[in-house]
Amino acid sequence: MPEVPLLKVNNLIKEFPLGGGLFAEPRARVRAVDDVSFALSRGETFGLVGESGCGKTTLGRLILRLVEPTSGDVEFDGQHILALGAKEMRLLRRRMQIIFQDPYASLDPRMKVNAIVTEPLCAIQNLAKSERKKVAAELIEKVGLRAADLDKYPHEFSGGQRQRISIARALCVRPDLIVADEPVSALDVSIQAQVINLMADLKKEFQLSYVFISHDLSVVEHISDRIAVMYLGTIVELAPAVSFSDSPRHPYTAALLRAVPMPDPHRKTEPFPMEGDAPSPIDPPPGCAFHPRCPHAFERCRVEKPSLVKTARQHFVACWLNNSRGLGIE
Amino acid sequence: MKRFFRNKNFTVGFILSLIVIIAAVISLIWTPFDANRMNAKLRLQGPSWQHPLGTDQYGRDTLSRVMVGAVNSIIVGLMTVAIGLSVGVLLGLASAYYGKWVDETIMRFSDFLFGFPAVLTAILITSILGPSMINAMLAISIFYIPVFARLTRAVAMLIWEREFIVAARAAGISEWKIAWRHVLPNILSTLLIQGTIQFAVAILAEAGLSYLGLGTQPPHASWGRMLNEAQTYMSLSPWMAIFPGLAIAWAVLGFNLLGDGLRDTLDPKMVRIR
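Residue numbers (this note's numbering), protein chains in the order written: chain Y, 1 to 330; chain V, 1001 to 1274.
With the rest of the complex left out, here is chain Y:
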């Protein structure tokens, strides 16, 4: 019998209305997430990359039901979370937590670290003050801060330290899944490595699964088991991290890989294969959303939208080039 995946996302769609009011119909709708499906097994780290505005943050919040989807389904450990009532949902939240991108915005400036870190716990049970402090002290040391920091306010910490507090808060209820929404993007490069290593250590210790969202491919590659590339709300390529950089099959992935800076001054720079900005999701191009920027686009791409198909073991690509042959990019 196959194992039930920890998280399963089926045909998730989220549209945001633009404009409109109490009685007025919205002027347009933006498809932030457009028919996304994937599954995450226990203990896995699932990387999600893409440009700003491609819908990765929205997808992360849909998974946790912080945003209600327009259609589609999310299964967490076999439970259809969208069917749960408010109370059941709150109880389920102890098993799924989130770490946010901006450590300056995600901590309440008027709360002490002690209260912040134990907040998810207080949502499910009433804890005595001393009990709370004990839990908080244990957590805060796990993430590399001192118990003395518990009585401080968030503004007394640096970005990296704040992100550690965020991580401690997420760990507080011993969740199974943590959605990390660009957890290191707001940090200095040197701090990024520390935080990522901390997250990797904690994963082992607490048997966590991550959905790791980032726009930085090198960060995602480092920590993920599998990687999905998003473009304009859809997953265009999904592959194990190991085979990812060696054999990109979608031209967009190839371009992203090319954009990763290499610490090698002698490496010859090739002309960048992609031009322009991502098109507006309000008015996406017909066919494959990537075709206006794609160097390999041909007639079919302009009219018909490719779906995600299996091209190799565990490797899925949504590109017409892959229907018959590989991309031919080294």
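Since the hints were made in silico from the structure, they are not lab data. Ideal Cβ positions, reconstructed from N, Cα and C, are used throughout, including at glycine. Treat the hints with caution; some may be incorrect.
In the DSSO-like style, the derived pairs of lysine-lysine whose C-alpha atoms are separated by at most 27 angstroms in a straight line are [as the list claims (entries may be wrong)]:
hint : chain 1 : residue 1 : chain 2 : residue 2
1    : Y       : K8        : Y       : K203
2    : Y       : K203      : Y       : K133
3    : Y       : K112      : V       : K1177
4    : Y       : K305      : Y       : K8
5    : Y       : K129      : Y       : K152
6    : Y       : K152      : Y       : K133
7    : Y       : K87       : V       : K1177
8    : Y       : K204      : Y       : K8
9    : Y       : K152      : Y       : K142
10   : V       : K1177     : Y       : K129
11   : Y       : K133      : V       : K1177
12   : Y       : K129      : Y       : K112
13   : Y       : K152      : V       : K1177
14   : Y       : K133      : Y       : K112
15   : Y       : K134      : Y       : K152
16   : Y       : K134      : V       : K1177
17   : Y       : K203      : Y       : K142
18   : Y       : K152      : V       : K1002
19   : Y       : K203      : Y       : K112
20   : Y       : K112      : Y       : K134
21   : Y       : K112      : Y       : K142
22   : Y       : K134      : Y       : K203
23   : Y       : K204      : Y       : K133
24   : V       : K1100     : V       : K1177
25   : Y       : K87       : V       : K1100
26   : Y       : K142      : Y       : K204
27   : Y       : K112      : V       : K1002
Far from chain V, by Cβ distances over 10 angstroms, these chain Y residues were calculated [stated by the list, open to error]:
hint : residue
28   : P17
29   : L18
30   : S41
31   : E44
32   : E68
33   : H80
34   : S130
35   : R146
36   : R174
37   : A193
38   : I196
39   : S245
40   : P261
Since the structure of chain Y is already known, use the hints to place chain V on it.
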């Protein structure tokens, strides 16, 4: 605390308001004379050693009456702000959180209340319910509800957009608990500032209503009432009008400056709403 006193508005406002409060507190246990005791022999006197602020048409000591009037004003200020604040904050939070038709209903209701000149409606209310201090407070409170509802809505909406609210939601905290634990503490300083300013406005409004005979009823001392009584004797004994008038100006200025000072120190970016 030091950073508050570095602000001149706050310091001056604090001292002026403190004097009003002290005068009121003292009057509860001691006044130079019984504020309501008449003395026909000493009518309409100017300032003297015995009666520093003079006496009124019945020979009552003006200083004592001004002190007792301070209690009256403070009670009105406290009660109206308390009522307006509690109801207004609740409505404002509901408005900010639910949005849609709840928001529309509450805000249009606020507009409706704002649409009438405050004093006119206060006159209407007190003339329906009958003139008394309680009814005057009620009339002022009703006007404070939309003031605080709008302010709360505006600042709460900003806070509700912040990421730490999403974080709390992700932690499984219920929405009303989020409002209580996260939104309220973050808008408290703004409410405190507005509350202080509305306190000053309430003193002025009560004086106005009492002047018109709609607020505090005789023989109780009220600054507005005293002005009204002094009007008849303006040419004979201007002192009778000057001191209650000064008291009103003093208290209103004091609490206004206090509010401004609080705003400057607590929230330099805050936009004042009415």
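Results for each hint:
| no. | hint | verdict |
| --- | --- | --- |
| 1 | K8/Y to K203/Y | 20 angstroms, holds |
| 2 | K203/Y to K133/Y | 23 angstroms, holds |
| 3 | K112/Y to K1177/V | 17 angstroms, holds |
| 4 | K305/Y to K8/Y | 23 angstroms, holds |
| 5 | K129/Y to K152/Y | 16 angstroms, holds |
| 6 | K152/Y to K133/Y | 13 angstroms, holds |
| 7 | K87/Y to K1177/V | 13 angstroms, holds |
| 8 | K204/Y to K8/Y | 22 angstroms, holds |
| 9 | K152/Y to K142/Y | 17 angstroms, holds |
| 10 | K1177/V to K129/Y | 18 angstroms, holds |
| 11 | K133/Y to K1177/V | 21 angstroms, holds |
| 12 | K129/Y to K112/Y | 13 angstroms, holds |
| 13 | K152/Y to K1177/V | 23 angstroms, holds |
| 14 | K133/Y to K112/Y | 11 angstroms, holds |
| 15 | K134/Y to K152/Y | 16 angstroms, holds |
| 16 | K134/Y to K1177/V | 23 angstroms, holds |
| 17 | K203/Y to K142/Y | 12 angstroms, holds |
| 18 | K152/Y to K1002/V | 21 angstroms, holds |
| 19 | K203/Y to K112/Y | 26 angstroms, holds |
| 20 | K112/Y to K134/Y | 15 angstroms, holds |
| 21 | K112/Y to K142/Y | 18 angstroms, holds |
| 22 | K134/Y to K203/Y | 22 angstroms, holds |
| 23 | K204/Y to K133/Y | 25 angstroms, holds |
| 24 | K1100/V to K1177/V | 21 angstroms, holds |
| 25 | K87/Y to K1100/V | 23 angstroms, holds |
| 26 | K142/Y to K204/Y | 13 angstroms, holds |
| 27 | K112/Y to K1002/V | 23 angstroms, holds |
| 28 | P17 | 13 angstroms, holds |
| 29 | L18 | 16 angstroms, holds |
| 30 | S41 | 22 angstroms, holds |
| 31 | E44 | 21 angstroms, holds |
| 32 | E68 | 12 angstroms, holds |
| 33 | H80 | 18 angstroms, holds |
| 34 | S130 | 20 angstroms, holds |
| 35 | R146 | 23 angstroms, holds |
| 36 | R174 | 13 angstroms, holds |
| 37 | A193 | 24 angstroms, holds |
| 38 | I196 | 20 angstroms, holds |
| 39 | S245 | 32 angstroms, holds |
| 40 | P261 | 29 angstroms, holds |
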